[in-house]
Structures are given as structure tokens and as C-alpha cells.
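K.L.:
With the hints as extra help, turn the sequences into a complete structure.
Residue numbers (my numbering), protein chains in the order written: chain L, 1165 to 1489; chain C, 56 to 217.
It is worth saying that the hints were derived from the structure and are not from the lab.
Note that this is a predicted model, so its numbers are computed, not measured.
Worth double-checking, as some hints may not be accurate.
[What the hints assert, rightly or not] A partial selection of chain L residues facing chain C, derived with a Cβ cut-off under 10 Å: (1) 1195; (2) 1269; (3) 1294; (4) 1362.
Just so it is clear, CB atoms sit at the ideal spot from N, CA and C, and this is done for glycine as well.
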Amino acid sequence: MKPFAYIRPGTLEDAARQLGGRGAVGCAGGTDLLDRMKERIEAPRILVDLKGALDARIELVDGGQALRIGAAATLAAVAGSPLVLKHFPALVRAVETAATPQIRNLGTIGGNLCQRPRCWYFRARDFECMRRGGRGCYAQEGENRYHAVFGNELCAITHPSNAAPALLAYDATLGLGGAGETRRLSIHEFFVGCDEDVQRENILEAGTLVTEIRLALPAASVRAAYAELKEKQSNDWALVSVAVVLEPGDAGLRRAAVALGHVAPVPMRMPEVEAYLEHKVLTPEVAARAGELATAHATPLAQNGYKVQLIRVLVKRALLEAAGR
Amino acid sequence: MSITKAISFTLNGQATRIEVPVDMDALTMIRDVLKLTGTKLGCGEGECGACTILVDGTAVNSCLMFAVDCDGRELTTIEGLATPAGRSVLQRAFVEHGAVQCGFCTPGLVMQGTYLLRQNPGLTVADIRRGIEGNLCRCTGYQKVIEAIAAAVHEIEKGDRA
Ligand SMILES: Cc1cc2nc3c(=O)[nH]c(=O)nc-3n(C[C@H](O)[C@H](O)[C@H](O)COP(=O)(O)OP(=O)(O)OC[C@H]3O[C@@H](n4cnc5c(N)ncnc54)[C@H](O)[C@@H]3O)c2cc1C
Ligand code: SF4
Ligand code: FES
Ligand code: FES
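P.N.:
Here it is as C-alpha cells:
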């Protein structure tokens, strides 16, 4: 079924109402949605252009205590923002390495968080797997070298967003609006694992949109880093990504946030690693041990065991980079 | 049948009004409806950059953009770069530096290169390399392309316009 309508509502309320219609799908930059339509795994009846309902501002709010990024801000705008660079360098690093310059000029940060998985079975019309409402997971016994090494028992997608692990490490808050009440939600409660619901990647119900991302400005002493490895070093998806945020204390670290991307159906914070790092002085040995701990619960599939080693190396690398060593 | 929507925009300086199916991408509109075939279809999914055009001065993949999204905007395709005075500085540099072999990637690379030069006329070679990450070329090995864009930087320093 081809779409039969295109609507560009001017307000959030109107967008929410339109998105309540049967077969209505929202579109920001369209880079993910149009691709799925071309693969014929998505066939909206109503295209709702979200750009009139969302804003793209990047600004300090709350009396200069927090940074607000409108959901329609492009990845290029986020990557090029001096404000974001000054306070959240790991987020800049994460988005400036996502996709290509042209895609970053179109794709929005809201769309980046809400994009659908890149599992090649999911994207191929002929494979009706459980995430598409069919049965089984083709990746379990199939071609799974880019798939998840954690939480992969049912479905083994990796969450594709570069921005997600960085925002997770910075404890971002999302503004939600549209249908239902306008509210704030910690990013830690946004993503949905397979055990909860294998057909969705986040908690959004039809008509609810991410309107903004808010980040509390960290103390000047806080250090952060984002590291990733790709098969090709340009124009490619990350195989593993790591974002870390370190808060130094008098003796060793007061607090460490460690987040992994591209290794599980959801971007993950690593509480055991973080607990281990507390009060430690970040030596290369400590960083290496943190990398070991990060992989403790990995359950790699037949072809993606190499990701476990990449996690070890990247956690260590990101920690040492953030610590300036 | 999918329905159509009337949109209007400026294409290479000319006011344009057309009806497009709402699920059509901008690339198909440009090539098949408007018959400007300089912009190429390579992958159709954002990987190769052959379809790069400028929208309000910003380089984007026209294959990943809905045609309806062009409404009210200013589009430039490869056909819009030359002026009555002749080819653009980057077009000349591509020819002079042998940056064109089969030529399939060339319109996309010239559009992306033009965008990079207009954003930052003082582009370094490192900026050029990163800037053309989204453009695949199977022939040149990129070196000649990088040299051509770098040469254009030089010409612009001497007073040419991108
Ligand atoms: C070749 C290629 C390479 C890529 N490489 C990377 C990469 O390395 N790293 C990476 O992170 N990404 C990568 N991407 C993905 C790209 O970053 C996303 O497609 C883009 O960020 C999506 O933004 P958009 O505005 O175009 O989303 P759209 O396509 O407009 O929307 C995507 C989905 O999210 C929904 N949506 C959009 N905005 C909102 C909102 N505010 N609230 C609720 N729902 C919303 C839409 O309904 C739709 O279902 C790549 C894409 C391509 C094509
Ligand atoms: S990994 Fe998930 S999306 Fe991919 S085939 Fe398995 S169930 Fe489908
Ligand atoms: S045709 Fe658009 S990027 Fe390849
Ligand atoms: S010249 Fe042939 S693809 Fe680039």
C-alpha cells in the first residue's frame, strides 16, 4: 500500500492527532523512513512531516544550568555547535562520526534515537522475523557478524544510534510531547529490550514524540570521551562504540559513567564497571580491568566473538583518553 | 495509486512548480520528472553520494529526501553550477587534475566539493578527506579528486568564487 497523504502539521498537538490516524508515520529528516519504504518493509498511509511541529534550537536553558537540543536539530548542527562541544565533547564525537556528511545534514538527532534497526534480515522484505511481527530470528543461525553480543537470545539487533551511548553516559533527559501529557523522561527509561517487547526499540506510543534532549551541564572538572571502531574507517557503522564520563575526586574517580553502543538491542550502561572504577586512580591496568569487566556477561553468536575483544580495547581506550593518559 | 502534492521551489535559479507523488524521492523527481539527469542514482540508500545536491545551500543525498520536502526551498544540481561565464572553479579543477574517469561519481563529488568550499574556503586536505567520506568513487582512488578540491581552494584564495 502506497501512502495516500502527506501532512505537515504546524503544532505538536496537531502532529499528535494526525499520528493517531491508521497507518500514519512521522518523518523528520526521512533518511531512515524513506530507506525502509524503499525496502518495502514500511508502507505508511499517511506521512506526517514532523519538522513543523518540532524545533531545531540548541541553547542553554534553566539559567545556564542545562543544554537543550530541539529534536529536529540535524546531526550536523549538533556536531558543529560550539556549545555542545564545550560542555559535551563526547556527544560531538559520537555524532560527527555517524553516517556521512550529507546524511548528517538531513538526519535529525530525534530521528537518530528513534531510527529502526539495521539488522539485514529486518531490512530485507523477504525475512519476516519476530521483530517484523513474524516468527523466529534469522540471525541466530544465520549471518550474525554485526549483531549483538549481549541480550541477544530472542532478537540480536544492535541499537544503531551513535548519539545514544553518549547521551546515556551524560544522563540525558528527553522531553516527550504530543499525545498524552508533556513530560520528561530519563534516557535510561527510554529504550526497550527484547524481553520487554521484541517489536519496538523504545517506549514511545503512537502520537508521542521526542521533542527535546536536555543535558545538565557537568562541572568543569568532568572529562569525557567517545571511541568506536568500524570495519572501514570512513562511511561505515560502528562495530562497537563506547562513551565514558569521568568525575574526578580527591583520591581517584568520584564517579564514572560507561556506556556501550552497537553491542546489544539497547544502548547499555555498565554498572559493574562503574562500581569498580569508583575511587580508583585510572592507570592503564585499571582501565584494562574495566574492559575485562565490561565483557563479563557477553554471549557472542557464531560470527561476532571479535566484538568482545573490541569492547575490551575500546573501554580501555576511552577511559584512558578521557583521563588524558 | 498514491496521491500527489503540488510543490514549488527554485531549481538552479528558476522558479519551478510541479505535482509529485508523496512517496517519491527528490532524486527521482529531479531525474525522471524534471529530466535533469546530471544527478546520478547509485545506491538509492545514502551510501554513495552520487545523488548529492544542494538544498538551501546544504549538501544532502537527494535519494534519502522526500520530493515533497523540497517545497519552498532552493535546489542546486550539477546543472546549476556553471554560469554564462563558464564552468565553476571546481568543475575546471576536476578537469585539469584528471579527477574524472568514468564520471559517474563526478556530479556528486563536485556538488559535495562545492558545498565544502562554500562552507570553509580555507579547507585543509584533512577537511577534504573527511568531507568526501560520503562519496564513493570506484575509479580514481580519490587522490585526484582531493588534489582538484585542494587546487580549487588555491584558486579561491586568489579571488575566484566557489
Ligand atoms: C548510509 C547510512 C549510514 C548511517 N550511519 C549511521 C551511523 O554510523 N551512526 C548512526 O547513529 N546513524 C547512522 N545512520 C542513521 C542516520 O543517522 C539516521 O537515519 C538519522 O539520524 C535519522 O534521522 P531522520 O531525521 O532522518 O529520521 P527519520 O527517517 O525522519 O525518522 C526515523 C524514525 O524515527 C521517527 N522519528 C523521527 N523523529 C522523531 C521524534 N522527534 N520523535 C519520535 N519519533 C521520531 C520516525 O517516525 C521514523 O520512524 C546512517 C544512515 C544511513 C542511510
Ligand atoms: S536480529 Fe532481530 S531483527 Fe534481525 S532477524 Fe533476528 S529478530 Fe529479526
Ligand atoms: S544514490 Fe543517493 S547516496 Fe547513493
Ligand atoms: S570516476 Fe568512476 S566512479 Fe568515480
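K.L.:
Does residue 1269 (chain L) hold up as a contact with chain C if the rule is Cβ-Cβ below 10 Å?
P.N.:
Where the cut-off is 10 Å and the nearest Cβ of chain C is about 5 Å from residue 1269 (chain L), the hint holds.
K.L.:
For the restraint on residue 1362 (chain L), tell me whether the closest CB of chain C is nearer than 10 Å.
P.N.:
Violated, because the Cβ-Cβ distance from residue 1362 (chain L) to chain C comes to roughly 25 Å (cut-off 10 Å).
K.L.:
Quick check on residue 1294 (chain L) please, does its C-beta sit within 10 Å of some C-beta on chain C?
P.N.:
With Cβ-Cβ at 24 Å, over 10 Å, it is violated.
K.L.:
Under the criterion of a CB-CB separation shorter than 10 Å, is residue 1195 (chain L) in contact with chain C as hinted?
P.N.:
This interface hint holds because 4 Å falls under the 10 Å limit.
In this structure, the earlier hints numbered 3, 4 are contradicted, and the remaining ones agree with it.
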